[in-house]
Amino acid sequence: MIRTATPDDVPVIHSLIRELAEYEKAAEEVRAGEEHLREALFGERPAAFAHLAVDEESGEPVGFALWFLNFSTWRGVHGIYLEDLYVRPEARGGGHGRALLAALARICVERGYERLEWSVLNWNRPAIGFYEALGARPQDEWTVYRLTDEALTALGSAG
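According to UniProt numbering, the sequence shown is numbered sequentially starting from 1.
None of these hints come from the bench; they were simulated from the model.
Every residue, glycine too, gets a C-beta built ideally from N, C-alpha and C.
Be aware that a few hints might be false.
[As the list claims (entries may be wrong)] Have a look at the derived ranges for each label pair, beta carbon to beta carbon: (1) Ala133 / Ala154: 39 to 45 Å; (2) Gly76 / Pro7: 31 to 37 Å; (3) Leu121 / Glu35: 24 to 30 Å; (4) Glu29 / Gly135: 20 to 26 Å; (5) Leu147 / Leu121: 18 to 24 Å; (6) Ala151 / Glu39: 42 to 48 Å; (7) Val109 / Glu29: 31 to 37 Å.
I would like the entire structure built from these sequences, with the hints used as guidance.
Structural data, given as structure tokens:
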């Protein structure tokens with residue numbers, strides 16, 4: 001049901017990312033094309049990794065997890081940051097999301113990573129309920145900050 005992505009999967013991963021962005025009401029924010037993904041996932045120095053959830057009957061991908069390594073200075077070890085988790089609506093409830101998270105948790109356990117982290121939109125109550133049912137807990141004492149576009153350029157160009 002879960003397999004590591006290959007370079008041949010880039011088009012379907014790109015499609016799933018676009019579907020996720022539409023679900024999150026942010027389709028216009030997707031700038032990455034297939035070549036960006038190919039380089040990030042399978043280039044000379046991969047910066048991210050992906051797993052696919054595949055329908056066992058049809059063999060077709062129905063979801064994905066895209067992740068990268070982070071590092072905890074307090075624990076002194078890597079962890080996994082889950083950038084995207086998405087299962088197509090028609091495949092939800094079939095265990096694919098849980099299987100994707102279990103695969104990442106297994107990687108953490110096998111490699112000695114001590115955290116599996118991700119963000120969820122506050123309005124996405126179905127996802128929040130799903131995550132909490134697995135034992136995940138919100139880290140509500142932290143606020144995410146982000147620099148992008150003009151603000152990032154301005155700061156990065158400052159002398």
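Each hint tested on the structure:
1. Ala133 / Ala154: 39 to 45 Å: At roughly 43 Å between Cβ atoms, alanine 154 and alanine 133 fall inside 39 to 45 Å, so the hint holds.
2. Gly76 / Pro7: 31 to 37 Å: Taking Cβ atoms as reference, glycine 76 and proline 7 lie about 34 Å apart, which means the hint holds.
3. Leu121 / Glu35: 24 to 30 Å: Distance hint for leucine 121, glutamate 35 holds at roughly 28 Å.
4. Glu29 / Gly135: 20 to 26 Å: Since glutamate 29 and glycine 135 have Cβ atoms about 31 Å apart, the given range 20 to 26 Å is violated.
5. Leu147 / Leu121: 18 to 24 Å: Holds, at about 20 Å.
6. Ala151 / Glu39: 42 to 48 Å: violated (25 Å)
7. Val109 / Glu29: 31 to 37 Å: 34 Å Cβ-Cβ, so the 31 to 37 Å window holds.
The structure shown violates the earlier hints numbered 4 and 6.
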